[in-house]
Amino acid sequence: MNYERQNPAFYALLITLIFMAVGPIVLMLANSFKLDVDIIGGTSGLLFLPTIQNYETALCDVLWYELDHLDFCSLKFGGAFINSIIIALISTLLTLVIGCMAAYALVRFKFMGRDTASLTTLMVRMVPPAVLLVPVFGLWNNEFCISKNSYFGEIIRDVFGGRGDVCLAGTHSGIILIYVAMNLPFVIWILQSFIIQVPRSLEEAARVDGAGPFQVFFLVVLPLIKPGLAAAAIFTFRIAWNEYLLASALSDRGTKTVPILIVNNMSEFNIEWGVIMATGMLLAIPPIIFTLFASRQIISGMTAGAVKG
Amino acid sequence: MIKQKLNRFTPYIFMAPAIIIITIALLYPLGYMVYGSFRAWDPSQNISESEFIGLKNYITLFYDPAFRESLGVTLTFAICVVFSELVIGVGLALMLDRNIRGMSVLRTLFILPMMIAPVVVGLMWRYMYHPTVGTFNKTLKSLGLDGIDWLGQNALLSVIIADVWQWTPFIFILSLAALQSLPRSALEAAKIDGATSWQQIIHIKLPLMMPVLIVTALLRLIDAFKVLEVILVMTEGGPGLSTEILALRISRTATEFRELGVAAAMSNYLLILLLILTVSMYAITRIQENRAARLARQIQEEY
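The listed protein sequences correspond, in order, to chains A and B. To convert, note that position 247 of the first sequence is 247 in this note's numbering; the numbers rise steadily by one, no gaps. To convert, note that position 34 of the second sequence is 343 in this note's numbering; the numbers rise steadily by one, no gaps.
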């Protein structure tokens with residue numbers, strides 16, 4: 001492939017664009033290694049003595065050594081980080097498995113209610129988290145509960161302690177359930193466009209050789225749509241990892257995720273910029289890594305999701 | 310026999326988990342919300358204990374100046390954001406649609422902003438907009454200019470700029486993909502006929518990209534109504550109500566004012582708005598598909 005030569009102004013434009021796109025992220029990365037004195041003090045350049053003190057403050061509850069600059073560990077960021085990982089990973093996995101089974105059925109089988117199902121997935125895609133906030137808050141706290149006097153309720157109360165009925169609110173599974181539900185329509189939509197491209201003859205050949213529908217699905221179709229699965233996984237992970245509103249309504253002290261802690265610390269009067277940027281960077285790193293390694297899949301997923309309306 | 314019966318049920322087995330989860334955690338809550346919006350409902354009571362008040366929540370909201378302002382802010386925000394992103398994104402795609410080295414690296418860097426958590430984006434921009442330590446005002450001062458009161462007097466504009474930064478790449482990437490899949494023959498024919506690059510853009514590229522652009526714009530419009538975290542972190546809706554978009558107002562009505570019924574009615578207004586947008590998107594794609602099919606048939610008949 002030979003490349004056209006462009007004039008210098010074009011390259012100047014490119015460099016400006018890259019600077020504008022990545023600049024704020026680099027700025028935050030640089031600031032997360034500065035002490036607050038340096039951030040406020042004015043030396044805005046990249047010349048400073050880097051320190052990991054901000055990261056130590058942020059992660060103080062999971063570090064194995066004592067910190068000299070800190071008497072009391074107020075930011076429980078490490079625990080929140082673990083909560084975020086658990087919630088994001090499990091909900092991504094569940095969404096993918098359930099979503100690709102549904103997408104396969106919608107593409108390959110003709111059955112009663114298929115059109116209704118596919119229209120419903122299309123419609124619920126637009127529901128914003130803010131709209132779900134009120135009903136989910138009410139349901140998860142009051143309706144989706146097991147009475148503490150019932151058999152399972154007693155067992156759970158004996159094992160985990162606590163008072164009152166056993167409800168979904170405040171547990172990891174409560175947050176995971178709403179994330180899976182929120183992401184399913186999108187994942188089904190994206191995967192449909194990948195499954196359509198799998199040649200039918202392959203599946204029929206497998207069926208002639210005596211494979212059942214489940215074997216065809218898991219052994220023939222799934223390996224062929226790996227790029228689509230990767231794209232869908234990244235999009236789901238991104239939403240589950242980044243979401244704030246519903247998590248903040250559904251979590252209690254033990255199940256707070258990272259975005260909640262960041263927002264809580266931002267609303268304080270005196271912001272410690274260095275520490276908050278370090279926490280922000282920790283939250284941003286996993287999606288950045290995915291982007292750098294799988295940008296091709298992300299882009300193909302994005303175009304598939306939008307173009308195949 | 311058994312095997313055939315099993316085969317008939319296969320699609321339902323495949324669909325069952327998704328249907329169960331969507332029904333329990335999406336459709337049932339939505340119904341619950343519609344039900345709750347007709348009641349005087351606050352978080353301390355169970356919904357069945359609350360009083361039925363008919364359409365009162367909807368009517369109160371309709372005459373509530375704060376709600377109207379919030380609706381106005383939401384619409385201004387959504388329209389400004391989508392318009393500027395479309396202009397910048399499509400413009401950049403037209404300019405960068407060339408055969409250059411490192412295009413994939415460029416695209417990777419461009420999608421970084423939209424993969425990052427909205428909370429973090431808000432955090433970054435709040436720092437950059439800071440009146441004294443922020444990057445923008447520092448730069449302005451070092452140039453000898455006065456600082457701008459970004460998140461004070463120009464809060465809505467500042468919020469719009471942050472969103473444009475995050476989401477222009479989305480439109481850029483989609484329109485670049487659309488541009489590169491255009492039929493080369495039409496463009497070459499135009500080149501041979503001596504069309505200038507402006508004429509090529511206006512008469513060939515833009516019309517051919519239009520289907521993708523409309524869907525992309527509607528997708529962005531729907532997403533623009535969902536924005537919440539960026540604004541929450543940057544301004545918390547203030548100063549006054551100047552950046553309080555509907556999503557933020559819903560969450561504040563529910564958690565601070567503790568009026569779940571009113572918040573549910575507000576959510577319903579927002580949902581109806583989005584429903585109209587989604588239905589129009591669906592209708593547009595259907596019309597386009599039909600037109601494309603008809604064109605294809607005509608071409609086949611001619612040959």
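Think of the hints as simulated: they come from the structure by calculation, not from any bench. Each residue gets a CB set at the ideal place from its N, CA and C atoms; glycine is no exception. Some hints here could point you the wrong way.
[Claimed, not checked] Chain A is nowhere near these chain B residues, computed Cβ spacing over 12 Å in every case: (1) Gln354; (2) Glu545; (3) Asn577.
[As the list claims (entries may be wrong)] On the chain B side, residues computed to face chain A include the following (Cβ under 8 Å): (4) Pro326; (5) Arg416; (6) Gly443; (7) Thr444; (8) Gly453; (9) Leu454; (10) Gly456; (11) Leu483; (12) Ser560; (13) Ala563; (14) Ala573; (15) Ser576; (16) Leu583; (17) Leu604; (18) Ile608.
Verification of the supplied hints:
For Gln354(B), the requirement that its beta carbon stay farther than 12 Å from each beta carbon of chain A is not met, with the minimum near 9 Å. Not every C-beta of chain A lies more than 12 Å from that of Glu545(B), the closest at about 7 Å, which undercuts listing it as non-interface. The beta carbon of Asn577(B) sits about 8 Å from the closest Cβ of chain A, which is not more than 12 Å, so the claim that it is off the interface is violated. For Pro326(B), the interface hint holds, since its Cβ comes within 8 Å of a Cβ in chain A; the closest pair sits about 4 Å apart.
Because the beta carbon of Arg416(B) sits about 6 Å from the nearest beta carbon in chain A, less than 8 Å, this interface hint is met. Checking Gly443(B) against chain A: minimum C-beta separation of about 10 Å lies over 8 Å; hint violated. Interface restraint check for Thr444(B): the shortest CB-CB distance to chain A comes to about 7 Å, inside 8 Å, so the restraint holds. A least Cβ separation of about 16 Å between Gly453(B) and chain A goes past the 8 Å threshold, and the interface hint is therefore violated.
Residue-level restraint check for Leu454(B) is violated (minimum Cβ-Cβ distance to chain A is 16 Å; threshold 8 Å). At a threshold of 8 Å, the smallest CB-CB gap from Gly456(B) to chain A is about 14 Å, leaving the interface hint violated. Given the 8 Å rule on beta carbons, the hint for Leu483(B) holds: about 5 Å separates it from the nearest Cβ of chain A. Of the supplied interface hints, the one on Ser560(B) holds, with its beta-carbon coming within about 6 Å of a beta-carbon of chain A, less than 8 Å.
For Ala563(B), the interface hint holds, the least distance from its beta-carbon to any beta-carbon of chain A being 5 Å, beneath 8 Å. Against a cut-off of 8 Å between C-beta atoms, the interface hint on Ala573(B) holds, since the closest Cβ of chain A lies about 5 Å away. At its closest, the beta carbon of Ser576(B) sits 4 Å from a beta carbon of chain A; the interface hint therefore holds under the 8 Å criterion. Taken as an interface hint, Leu583(B) checks out: its beta carbon lies about 5 Å from the nearest beta carbon of chain A, inside 8 Å.
Among the interface hints, the one on Leu604(B) is violated; its C-beta lies about 18 Å from the nearest C-beta in chain A, farther than the 8 Å criterion. Among the interface hints, the one on Ile608(B) is violated; its C-beta lies about 21 Å from the nearest C-beta in chain A, farther than the 8 Å criterion.
Against the hints set out earlier in the document, violations occur for numbers 1, 2, 3, 6, 8, 9, 10, 17 and 18.
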